[in-house]
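K.L.:
Here is what each chain is made of, one letter per residue.
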Amino acid sequence: MNELIRKSAAELVELLGSKQVSSVEVTKAHLDRITEVNPTIHSYLHVTDEAALSVAADIDRRRAAGESLSPLAGLPIAVKDNLTTTDAPTTAGSKILEGWVPQYDATVVRRLREQGMPILGKTNLDEFAMGSSTEFSAYGPSKNPWDIERIPGGSGGGSSSAVAAFTAPLAIGSDTGGSIRFPAAVTGTVGHKPTYGAVSRYGLIALASSLDQIGPVSRSVLDAALLQDVIAGHDPHDSTSLPESLGSMADAARRASVAGKRIGVIKQLTGAGFQPGVQARFDESLALLAKAGAEIVEVDCPSFEYAIAAYYLILPAEASSNLAKFDSVRFGLRITPEGNPTIERVMAATREAGFGPEVKRRIILGTYALSSGYYDAYYGSAQKVRTLIQRDLAAAFEKADVLVSPTAPTTAFKFGEKLEDPLAMYLNDIATIPANLAGIPGMAIPNGLADEDGLPSGIQLLAPAREDARLYEVAAALEALHEGVWGKRMMDFAPELKVGA
Amino acid sequence: MAKAELMNYEKALEQFEVVIGLEVHVELNTNTKMFCGCRNDFGDEPNTNVCPICIGLPGSLPAVNKRAVESSIAIGLALGCSIAPTGRFARKNYFYPDLAKNFQTSQYDEPIAFEGSLDVEVPSGKVFTVGIERAHMEEDAGKLTHIGGNTGRIHGAEYSLVDYNRAGVPLVEIVTKPVLGAGAEAPELAAAYVRSIREIVKALGVSDARMERGNVRCDANVSLRPHGQEKLGTRTETKNVNSLRSIERAVRYEIQRQAHILANGGTITQETRHWHEDKGATSAGRPKSDADDYRYFPEPDLVPVQPSHELIESIRATLPENPADRRKRLQAEWAFADLEFRDVVNAGLLDQIEETVAAGAKPQAARKWWTGEIARLANTEDKEIEALSVSAADVAELAQLVESGKINDRIGREVLAAVLAGEGTPSAIVAAKGLEVVSDDGALLAAIDEALAAQPDVIEAIREGRMQAAGAVIGAVMKAMKGQADAARVRELLVQRASE
Numbered sequence: 012m013n014e015l016i017r018k019s020a021a022e023l024v025e026l027l028g029s030k031q032v033s034s035v036e037v038t039k040a041h042l043d044r045i046t047e048v049n050p051t052i053h054s055y056l057h058v059t060d061e062a063a064l065s066v067a068a069d070i071d072r073r074r075a076a077g078e079s080l081s082p083l084a085g086l087p088i089a090v091k092d093n094l095t096t097t098d099a100p101t102t103a104g105s106k107i108l109e110g111w112v113p114q115y116d117a118t119v120v121r122r123l124r125e126q127g128m129p130i131l132g133k134t135n136l137d138e139f140a141m142g143s144s145t146e147f148s149a150y151g152p153s154k155n156p157w158d159i160e161r162i163p164g165g166s167g168g169g170s171s172s173a174v175a176a177f178t179a180p181l182a183i184g185s186d187t188g189g190s191i192r193f194p195a196a197v198t199g200t201v202g203h204k205p206t207y208g209a210v211s212r213y214g215l216i217a218l219a220s221s222l223d224q225i226g227p228v229s230r231s232v233l234d235a236a237l238l239q240d241v242i243a244g245h246d247p248h249d250s251t252s253l254p255e256s257l258g259s260m261a262d263a264a265r266r267a268s269v270a271g272k273r274i275g276v277i278k279q280l281t282g283a284g285f286q287p288g289v290q291a292r293f294d295e296s297l298a299l300l301a302k303a304g305a306e307i308v309e310v311d312c313p314s315f316e317y318a319i320a321a322y323y324l325i326l327p328a329e330a331s332s333n334l335a336k337f338d339s340v341r342f343g344l345r346i347t348p349e350g351n352p353t354i355e356r357v358m359a360a361t362r363e364a365g366f367g368p369e370v371k372r373r374i375i376l377g378t379y380a381l382s383s384g385y386y387d388a389y390y391g392s393a394q395k396v397r398t399l400i401q402r403d404l405a406a407a408f409e410k411a412d413v414l415v416s417p418t419a420p421t422t423a424f425k426f427g428e429k430l431e432d433p434l435a436m437y438l439n440d441i442a443t444i445p446a447n448l449a450g451i452p453g454m455a456i457p458n459g460l461a462d463e464d465g466l467p468s469g470i471q472l473l474a475p476a477r478e479d480a481r482l483y484e485v486a487a488a489l490e491a492l493h494e495g496v497w498g499k500r501m502m503d504f505a506p507e508l509k510v511g512a
Numbered sequence: 003m004a005k006a007e008l009m010n011y012e013k014a015l016e017q018f019e020v021v022i023g024l025e026v027h028v029e030l031n032t033n034t035k036m037f038c039g040c041r042n043d044f045g046d047e048p049n050t051n052v053c054p055i056c057i058g059l060p061g062s063l064p065a066v067n068k069r070a071v072e073s074s075i076a077i078g079l080a081l082g083c084s085i086a087p088t089g090r091f092a093r094k095n096y097f098y099p100d101l102a103k104n105f106q107t108s109q110y111d112e113p114i115a116f117e118g119s120l121d122v123e124v125p126s127g128k129v130f131t132v133g134i135e136r137a138h139m140e141e142d143a144g145k146l147t148h149i150g151g152n153t154g155r156i157h158g159a160e161y162s163l164v165d166y167n168r169a170g171v172p173l174v175e176i177v178t179k180p181v182l183g184a185g186a187e188a189p190e191l192a193a194a195y196v197r198s199i200r201e202i203v204k205a206l207g208v209s210d211a212r213m214e215r216g217n218v219r220c221d222a223n224v225s226l227r228p229h230g231q232e233k234l235g236t237r238t239e240t241k242n243v244n245s246l247r248s249i250e251r252a253v254r255y256e257i258q259r260q261a262h263i264l265a266n267g268g269t270i271t272q273e274t275r276h277w278h279e280d281k282g283a284t285s286a287g288r289p290k291s292d293a294d295d296y297r298y299f300p301e302p303d304l305v306p307v308q309p310s311h312e313l314i315e316s317i318r319a320t321l322p323e324n325p326a327d328r329r330k331r332l333q334a335e336w337a338f339a340d341l342e343f344r345d346v347v348n349a350g351l352l353d354q355i356e357e358t359v360a361a362g363a364k365p366q367a368a369r370k371w372w373t374g375e376i377a378r379l380a381n382t383e384d385k386e387i388e389a390l391s392v393s394a395a396d397v398a399e400l401a402q403l404v405e406s407g408k409i410n411d412r413i414g415r416e417v418l419a420a421v422l423a424g425e426g427t428p429s430a431i432v433a434a435k436g437l438e439v440v441s442d443d444g445a446l447l448a449a450i451d452e453a454l455a456a457q458p459d460v461i462e463a464i465r466e467g468r469m470q471a472a473g474a475v476i477g478a479v480m481k482a483m484k485g486q487a488d489a490a491r492v493r494e495l496l497v498q499r500a501s502e
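First to last, the sequence lines map onto chains D and W.
Taking our numbering, I'd label the letters of the first sequence as residues 12 to 512.
Taking our numbering, I'd label the letters of the second sequence as residues 3 to 502.
A hint or two may mislead.
The calculated lysine-lysine pairs, modelled on DSS-like cross-linking and capped at a C-alpha distance of 27 Å, are [as the list claims (entries may be wrong)]: (1) W:K179 - W:K241; (2) W:K179 - W:K233; (3) W:K94 - W:K68; (4) W:K94 - D:K371; (5) D:K272 - D:K410; (6) D:K395 - W:K94.
DEER-style ranges, computed between Cβ atoms [claimed, not checked]: (7) D:T353 - W:A339: 54 to 64 Å; (8) D:A359 - W:G82: 44 to 54 Å; (9) D:R356 - W:A423: 42 to 52 Å.
Simulated from the structure, these hints should not be mistaken for laboratory data.
Cβ atoms here follow ideal geometry from the backbone N, Cα and C, with glycine treated the same way.
Could you build all of it, start to finish, from the sequences and the hints given here?
P.N.:
Here's what the structure looks like:
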């Protein structure tokens, strides 16, 4: 294994900037690793090796010529396959988009290209980001590098497993109810869902527009910060994108401070329902934070009880409308049935063949929730719960600067374990969903291994909207406290990946 | 299509009260589309003014056209509406291949403008106040062309073509409250209302307002109820009636059709209907019920539109004169008799006459040309006057040519026909064809002498004071001059000759 792939993004940026390594070397090292492990882990749906090497060579040439380059120039990255790319197919994990090459780049992709970051490939996801395990990807699941019998989290299991398997130093994820944070928790990596509107959604194939947010996936808090600084910022193409800058996340991560901060433990997100080993690591982290000078307080968010119910009305409602465009008329799959192929029958046959079971389930749920006569009871009530959750959080942030909980109730489960039980699957997101409903930032960082199974557990930190920097500052401090106790990085605990056997 | 049985119009009105409601879609003339940067130019080569947003590619997002919002506010203010300080867009969900996203981004329960009214004058001179319920912003769909089959409709077509140039074109939909009390004049009121909306949006400069191009489209709702009944009857919605004349005819037709059904104990089906100009009849479209389920919900991809008080007031300050005030002013300026002016208004020719007068014509001459020969030609060709290729400047020029005696009325009509045929401006046509009247007395006298030689009795008759005999000679002279003579001058010369 080339040692370059175990470096953090921050370290690689140093090495590239001081010309100790070339972008081609770094990119090639990761592409070699992809060749080696992707057949086993299946993080990538498409590998764009030629394009990546060409960008890398161009950056190396420009650096040699003394040009002034962007901060992350030459650093390779993986992109979730629900962001449009003009040079690679974009499937969103669905058969209905198989082979579709978009006519335009997502704003985030454009920003990566402007930085001169070679894009290694497109990562796997549950179809249209609907799922917690990648088992709903039409192209087969990704594996958890800690144990390939287990799920890498979802929907962004492609990005989390890529970073955890060292096939990319950084990746782009998207988070509608935990799709960045849950995969981070179960793969021992870092994932941040920024404040709603901090990163442009233009070019992100929408799941639920009012909940979706693009964010960084990495192996360290500073690395995530470096990436967020590159992808964030106002975009006139996304009218929900924030007009103002949220400041430098990298600066915040480098401040790494928790002394004097009030850390609020959310009563509803601890104890019963959480795996003992996950809870034990969480309690230890609270002790570490207290020892480092933070004040630990308890906060009450009673409306969180209804968060999943509200989420599974709002999300399907928006998704049912967002997914209506997949009708075979302008792009993607087209199935023409035998007999008299009217437009209605072609649309129906295409959607029947092109969408998987979870997508159909949510389209039906959402269509029902928006139907006349049911709207008030379902969509309307869900929006009220959303307001109540926002109020709970506003009250909690009166008492605490940052709220914490375990990222997920359990460590990674085995493939197939929850596939037939959608409600059990939905419960993975119990701690992550409130941040999406409220539009606030949420970060998941590694929190040590659970005693029962030796698998990674995660801790989630929440801050008020626009206070992403506060999360980076506290998370970086906790990360340093952890590494002080462990004597190494989280990923150094990971077993050597056995491939090709 | 079997033509429905109709009740005599007067009889229908004796038995029923007519209630109409009008939905007018106004296409805004912004440079770009409602939610993307594509050119708002529907007439271009199909599918050339398109982008990921207006063809609804995955991942694309809308962004609101600021100018379209300002235009919508201007329309709302001109209709006396309140402007919502905050308003969300909504998604209207339904599957149709002309609808790129399979939902239309529109406004639902939060229209940008609401609660206004418009005074509308009908041909009899009566003025009705039409309540405006709302005006909201939305995007147009693409244009479908159905190939094969013989109905031009999707059913029976072999295949259909979609032009997405129109997808995302900004529209303002103006919806009236139910309009009661127009009685027999309901059809005229419907047409006069749409004409007023056209005048307003044209005066505001926010739309090209050409009905024949679909810039202004009208859906006419009609229902009947027995006199004295409180509850409104079941309505039909006749779609896309695309000329003022059609609106009037379609409303009248629906009144007569519904009256026949109701009077015979039948019930009206709530449905959309299509107007067929050629047959002068409507036919059933799709059933439409209040339970039509478009699953409206607030558009999560757009932040609410929140026009500031300052913006609204700055738009209000630049509103042009309201059309009713303008009519009063113009009638006084032009010194038209009431009847003359009403004809002009009813023919929708105010703008043309105003422009023609501004271009140098006398008001009466401008009126005479527009309401006379031009209207006649439009009628002959079965076109709207706006569709004729004659400008106000052309008409002013024509009027001046006649006024100065360079051509006579008859030649003037000939020149007008040539202008419509695209042969150039009136002066150019007169010059090119040598149509200027012969004012050379020598040439006229020669022709008179020739005619007198052929009809020797005439000179005697004139000398005896029987002037009607002169007609034959004048006619012969005009013929010899190919019409390019001033008949009055010919008569003068003839009398002079007779007295020699």
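K.L.:
Below or equal to 27 Å on CA atoms is what counts here, so check K179 (chain W) against K241 (chain W).
P.N.:
holds (17 Å)
K.L.:
Mind checking the alpha carbons of K94 (chain W) and K371 (chain D) for me, to see if they're no more than 27 Å apart?
P.N.:
OK: K94 (chain W) and K371 (chain D) at ~20 Å, within 27 Å.
K.L.:
Is it true that the C-beta distance of R356 (chain D) to A423 (chain W) lies inside 42 to 52 Å, as the hint says?
P.N.:
holds (50 Å)
K.L.:
Between K94 (chain W) and K68 (chain W), is the straight-line Cα distance small enough, at 27 Å or below?
P.N.:
holds (22 Å)
K.L.:
Evaluate the given range 54 to 64 Å for the C-beta pair formed by T353 (chain D) and A339 (chain W).
P.N.:
holds (60 Å)
K.L.:
Is the hinted pair K395 (chain D) and K94 (chain W) satisfied, with a Cα-Cα distance of at most 27 Å?
P.N.:
Cα-Cα ~22 Å, so holds.
K.L.:
Starting from K272 (chain D), check that the Cα of K410 (chain D) is at most 27 Å away, please.
P.N.:
Given pair K272 (chain D), K410 (chain D) holds - Cα atoms ~11 Å apart, limit 27 Å.
K.L.:
For the pair supplied as a hint, K179 (chain W) and K233 (chain W), confirm whether the alpha-carbon distance does not exceed 27 Å.
P.N.:
Measuring from Cα to Cα gives roughly 15 Å; hence the hint holds.
K.L.:
Kindly confirm whether 44 to 54 Å is satisfied by the beta carbon distance between A359 (chain D) and G82 (chain W).
P.N.:
This hint holds: roughly 47 Å between Cβ atoms.
Hint check: no violations occur; every hint is consistent with the structure.
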